[in-house]
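Following the hints, position chain S against chain Y.
The chain contents come next:
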Amino acid sequence: MSSAHDITRAVNPPRAVYLDYPHGRTVGRPNEQELNREIVLHGLSAFHQLTEPGSMTHLPYHWSDTDDWKDRVMRPAPREDGASGEMEDDRVDRHPDPQYQLPSDAEAAAATHTGQDCLVCAGIDF
Amino acid sequence: MTSAKRQGPVRYIDRTREQYAGLGYEPYGWAHIEEPPPWTPVTKPLSESKIGVVATGGIYAEGHTAFNYKDDITYRAISSDADASDLRATHFAYDLTDAREDINCVFPIDALRQLEADGVIGGRADNFYTCMGGIYSQRRVRETLAPLFVERCLADEVDLVLLVPV
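Protein chains in written order, with the working numbering: chain Y, 1 to 126; chain S, 1001 to 1166.
FYI, nobody ran anything at the bench for these hints, they're computed from the structure.
These figures come from a predicted structure and were not determined experimentally.
Hints are supplied without guarantee of correctness; some may be wrong.
Which stretches of chain S does chain Y cover? Using the computed rule of at least three CB atoms under 8 Å from a CB of chain Y, they are [said to hold, decoys possible]:
#1 1016 to 1024
#2 1030 to 1037
#3 1081 to 1090
#4 1156 to 1165
With the Cβ distance kept under 7 Å, some of the chain Y side facing chain S (calculated, not the full set) [stated by the list, open to error]:
#5 Pro-60
#6 Lys-70
#7 Pro-103
#8 Ala-109
#9 Thr-112
Yeah, the Cβ is synthetic: ideal placement off N, Cα and C, and Gly gets one too.
Okay, chain Y solo, but in the shape it has when bound (with noise of 0.2 Å):
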């Protein structure tokens, strides 16, 4: 499956199939079991109907009834001041440690993992 057409060309898979949705939607939309599942039945029948090494399909889905998303992917806010100059990075801190989507989350795998290996989290030492 791809939501970044370039990216997905540029690496060449056997196959692909191409979902004109802002990245974090690869497969739909939220709460949206039905378009989820033709989404992805998509996908699997592209290991038949794909028979040409490198070929991607585009689904005939759009995420709304204008692209104008697509003018703010990757670009910065303007500035508060409405000055113009250098860009500001608004790109997420690169933490080093585990990014707990709830902290919940941390207490949840601390219990799990105390006083034992995990063959679940491969490859970490905890």
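Below, chain S without anything else, positioned relative to chain Y:
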């Protein structure tokens, strides 16, 4: 009424280059693979095929150690019977809003269960695999992480693997 003009796909490679240039960094070296991809013709019907998943959206289950954001080349094995509400997403490079509302946006566990129940696919691997994905070292992915996924998928005897990036 005229329909809104559609743009082509977002050119992420160009925008990343512009972003890095705007921040004063050297351009990121994207992977460009020119040679033809490895190819295995698929002949087994989908209804007889066992499906595996490798997803790179930083998905983990409650009780797992979460991913870090500094070239984390570890992976997680998530039961394909897991309840979606027990799954989490953590990543530095995409908007997590929708994935945290419904993990199926980036990890189609419910859809695959339903497709199996409906007989559309032959079965699912016992575990689906996830990683952080935001790994800047292509060498470490190629030499360490990807072979681990291959090893697990072969051991699971899946017929097809759905790769779900973000």
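Hint-by-hint comparison with the structure:
Restraint check on the region 1016 to 1024 of chain S versus chain Y: 5 residues with Cβ-Cβ distances below 8 Å, three needed, restraint holds. For the region 1030 to 1037 of chain S, the stated coverage by chain Y is satisfied: 8 residues place a CB nearer than 8 Å to a CB of that chain, which reaches the threshold of 3. Given a C-beta distance limit of less than 8 Å, the hint that chain Y covers the region 1081 to 1090 of chain S holds, as 3 residues qualify and 3 suffice. As drawn, the region 1156 to 1165 of chain S meets chain Y at 5 residues by the rule of a beta-carbon pair under 8 Å; at three or more, the given contact holds.
Hint status for Y/Pro-60: violated, given a least beta-carbon distance of 12 Å to chain S, over 7 Å. The interface hint given for Y/Lys-70 holds, since its Cβ lies 5 Å from the closest Cβ of chain S, which is under the 7 Å cut-off. Evaluation of the Y/Pro-103 hint against chain S yields a violated restraint, the C-beta minimum of about 11 Å exceeding 7 Å. Hint status for Y/Ala-109: holds, given a least beta-carbon distance of 5 Å to chain S, under 7 Å.
Checking Y/Thr-112 against chain S by beta carbon gives a least distance of about 4 Å; that is within 7 Å, so the hint holds.
Hint compliance for this structure: hints 5 and 7 are broken, all remaining hints hold.
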